[in-house]
Amino acid sequence: MQFSTLLTIASVALSATLGASAAQGAHMTTLWVPTATVVQTNTYTGTRVEQVWTTVPPYEWETTFPITWTATQTATQYKPVVTMVDEASGPERRHPRDFEMS
Numbered sequence: 392m393q394f395s396t397l398l399t400i401a402s403v404a405l406s407a408t409l410g411a412s413a414a415q416g417a418h419m420t421t422l423w424v425p426t427a428t429v430v431q432t433n434t435y436t437g438t439r440v441e442q443v444w445t446t447v448p449p450y451e452w453e454t455t456f457p458i459t460w461t462a463t464q465t466a467t468q469y470k471p472v473v474t475m476v477d478e479a480s481g482p483e484r485r486h487p488r489d490f491e492m493s
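So for the sequence shown, the numbering used here puts the first residue at 392; every next one is plus one.
Since the hints were made in silico from the structure, they are not lab data. The C-beta atom is built at its ideal place from N, Cα and C for all residues, glycine as well. Some clues are possibly wrong.
[Stated by the list, open to error] FRET-style restraints, in silico, Cβ to Cβ:
#1 T396 - E453: 36 to 42 Å
#2 I400 - G437: 29 to 35 Å
#3 T396 - E441: 32 to 38 Å
#4 W444 - V424: 56 to 62 Å
#5 V429 - T459: 22 to 28 Å
#6 E453 - T421: 58 to 64 Å
#7 T396 - T446: 44 to 50 Å
#8 I458 - T396: 20 to 26 Å
#9 I400 - P457: 30 to 36 Å
#10 L422 - P457: 43 to 49 Å
#11 E441 - T421: 53 to 59 Å
Generate coordinates for the entire structure from the input sequences, incorporating the hints supplied.
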């Protein structure tokens, strides 16, 4: 597997995990949710040229043979999703002075 494919799978798994947390309204955060994924595969062909050397005439000759290789590229588009904490739940951050007795 190519590194870009592994990175795409990891990002989808991470966004799915964090997306569940955001749906519960646990905290205010920005999530990047994948919206589209494009996989592009290109096939290339070429000719390999090899020089063969010997000690008898002809001392050098060239041989060619075709080669083929493919390249795969994955691109994922993301959109930001901001989740907000409910106003009824109060402030999220607390300071030690909030608990002091006067």
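Do the hints match the structure? See the list:
no.	hint	verdict
1	T396 - E453: 36 to 42 Å	holds (38 Å)
2	I400 - G437: 29 to 35 Å	holds (31 Å)
3	T396 - E441: 32 to 38 Å	holds (33 Å)
4	W444 - V424: 56 to 62 Å	holds (60 Å)
5	V429 - T459: 22 to 28 Å	holds (23 Å)
6	E453 - T421: 58 to 64 Å	holds (60 Å)
7	T396 - T446: 44 to 50 Å	holds (49 Å)
8	I458 - T396: 20 to 26 Å	holds (24 Å)
9	I400 - P457: 30 to 36 Å	holds (34 Å)
10	L422 - P457: 43 to 49 Å	holds (48 Å)
11	E441 - T421: 53 to 59 Å	holds (55 Å)
When held up to the earlier numbered hints, the structure conflicts with none and fits them all.
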